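> Listed below are the residues making up each chain.
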Amino acid sequence: MGVIGHDIHVVSNRIIAIALREFGYEVCNLGVDNSAENFLDAAIEFEADAVVVSSLNGEAEHWCNNFGPLFKNADKEHVYRYLGGNLIVGNKPVEEVVDEFLKFGFHRVFHRPPNLDILFESLKIDMLNGKS
Amino acid sequence: MANPDKSNYIQDFSDYRKALLKSPWLRNLDIVEAMQFVSKLDQSRFASVVYAERKKETPLIQPRGGVGTFEKQLQLSKALYNAGADFIPLTIDSLTRHNDYARASALAEISEKEDKQLLNGYPLVSHGHEITRQLYKDIDRPISLRHGTPDARVLVEIALASGITEIEGGGLCYSLPYSREYPIDRALLNWQYVDRLCAEYSTEGRIIHRESFGPLTATMVPPMMVIVIQVLELLSAAEQGVKSFAVSFGQMGSVDQDVATAAALRKVAQASLDKFGFKDVQVRLVYHQWMGAFPSERVEAEGLIGIAAMVAAMIRADKIVTKTYQEAIGVPTPEANSDGIRLVKYMFDHFAPMGDFRSERSLREESLITSQSMTLLDAVFNMPGSTVWESIYQAVSKGIIDIPFAPHSDNNNQLITIRDKYKAIRILKTGKVPMTSKDIETEKELLEGHEAENSMLFKKLLDDIILMI
Chain G
1 MGVIGHDIHV VSNRIIAIAL REFGYEVCNL GVDNSAENFL DAAIEFEADA
51 VVVSSLNGEA EHWCNNFGPL FKNADKEHVY RYLGGNLIVG NKPVEEVVDE
101 FLKFGFHRVF HRPPNLDILF ESLKIDMLNG KS
Chain H
1001 MANPDKSNYI QDFSDYRKAL LKSPWLRNLD IVEAMQFVSK LDQSRFASVV
1051 YAERKKETPL IQPRGGVGTF EKQLQLSKAL YNAGADFIPL TIDSLTRHND
1101 YARASALAEI SEKEDKQLLN GYPLVSHGHE ITRQLYKDID RPISLRHGTP
1151 DARVLVEIAL ASGITEIEGG GLCYSLPYSR EYPIDRALLN WQYVDRLCAE
1201 YSTEGRIIHR ESFGPLTATM VPPMMVIVIQ VLELLSAAEQ GVKSFAVSFG
1251 QMGSVDQDVA TAAALRKVAQ ASLDKFGFKD VQVRLVYHQW MGAFPSERVE
1301 AEGLIGIAAM VAAMIRADKI VTKTYQEAIG VPTPEANSDG IRLVKYMFDH
1351 FAPMGDFRSE RSLREESLIT SQSMTLLDAV FNMPGSTVWE SIYQAVSKGI
1401 IDIPFAPHSD NNNQLITIRD KYKAIRILKT GKVPMTSKDI ETEKELLEGH
1451 EAENSMLFKK LLDDIILMI
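Protein chains in written order, with my numbering: chain G, 1 to 132; chain H, 1001 to 1469.
Excised from the complex, chain G in its bound form (with noise of 0.2 Å):
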């Protein structure tokens, strides 16, 4: 899990990997300031079962835009793939925000959510099916 982008918001991503820990997972901590390469990178080191990916300063498209391509290249498709923030400046409806991002490689988008619970609950089914 990491921040992507030139993006230095560190609140929310400590508090995303003590969340984790407390449920029970395993995490490395990118911190900030990460590129797509670095998330490629972790998951191959630490034979990763999913990254999750943050972005808060509306420069995720730029960050993102080759997320899904570039781990299927390295034969990395099953790592489950996160990403969710403040995906983008300015308005526009959820859904198609979370659509366009989806089409990068991503299993689950999150643009502004209201908590972090969604991301929590997902991770747990996705976890789950993912091991039977």
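Quick caveat, the hints were computed from the structure, so don't treat them as lab data. Predicted model only: the values in this text are computed from it and were never measured. A virtual CB, placed ideally from N, CA and C, is assigned to each residue, including glycine.
Facing chain H, from chain G, some residues (calculated, C-beta under 10 Å):
| # | residue |
| --- | --- |
| 1 | Val11 |
| 2 | Ser12 |
| 3 | Ile15 |
| 4 | Ile16 |
| 5 | Ile18 |
| 6 | Ala19 |
| 7 | Glu22 |
| 8 | Phe23 |
| 9 | Gly31 |
Given the coordinates of chain G, assemble chain H onto it according to the supplied hints.
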């Protein structure tokens, strides 16, 4: 181990400075002319003089503010002056803070030509000292440089030559909370240069004033960590010959804890100066209004600004740094900034000063914070190193200095804090930060009954961080 000492003064400063002056961004700077200019500047322009000659008992008032173009900065400065600000701020844009002067200059040029605002502050290095002097030719109050720059050597050369006599920042407070990668050892050495330069520019009756930035990440930082960083930066500045220095901290969410922190900070700062033989340094106390997430509703934001003004008066701060009701929205308009100043003035004129009011809880908090700060300071001075900056660097690397929610990759992130039922910040996990068993026990007692209320730490932390919303 190493103790602060006058002999840690940079010996070969003039050679060091000569090398820096080769920077292309300083080619227009004639340092002899600049030092003469500052030595003849009216005394009303010196923060150190304004502090020393303050008549009223209430804190001096300083807003924040910086914009990209000369004209807009001139208008903003005049608006703040007319609203009654005692200090006029000059806040620097983030490209300049990251030493990207070329890009800041390009955006400044487009901003000037097309009358746009492409920068989030005043690009002082790009504008240079000559034009910046013009900003302040009709202003008889001190100008304060506000930034967040790990390497501020070029910036401060130009600031001083512009007649800016108050320089905020420090090797820790402007690196750990502001940068992910900037090497902490280099930041500490860069700020030695800045401190020494401020001492070099100081003349009889015209002392350059330094200030540290105590709010740090403004997110759940416990008072002991604030105090220790403030005192380390005060002592580092004193080593380089700085004679006027403000320690500071930000509103934390509990009035009792703020009052206790002010008392402990004053006490530990003065005791440390005395202990290491720095006899002639004037120390001031600055209070920052709430630096965390601000309510977006105007009434609520103004309630928060009002109570912060009240606390500043209660602790007899020498200065308050103000916010505006537009804080949640973005960079405030000059009108909103002026309203913020008026609100604080109203509070000061009608409700301060006051008598003694210390609660028992606040007194207990003060002795706890004082003890924690002394333990941590001793631990820093006992770290390996032959000079204090090396010991400070070691203390960061080893996690002895640990700032909650700092983005820097060297920050240890093991110190975990939560709020008690009175909203005071308590230490839940010390990480590598040294604390006596008695102080750990006291923290536990003060948390009693509250920790279990919410079984998930992350939920409690979220609530504690967004306290004011």
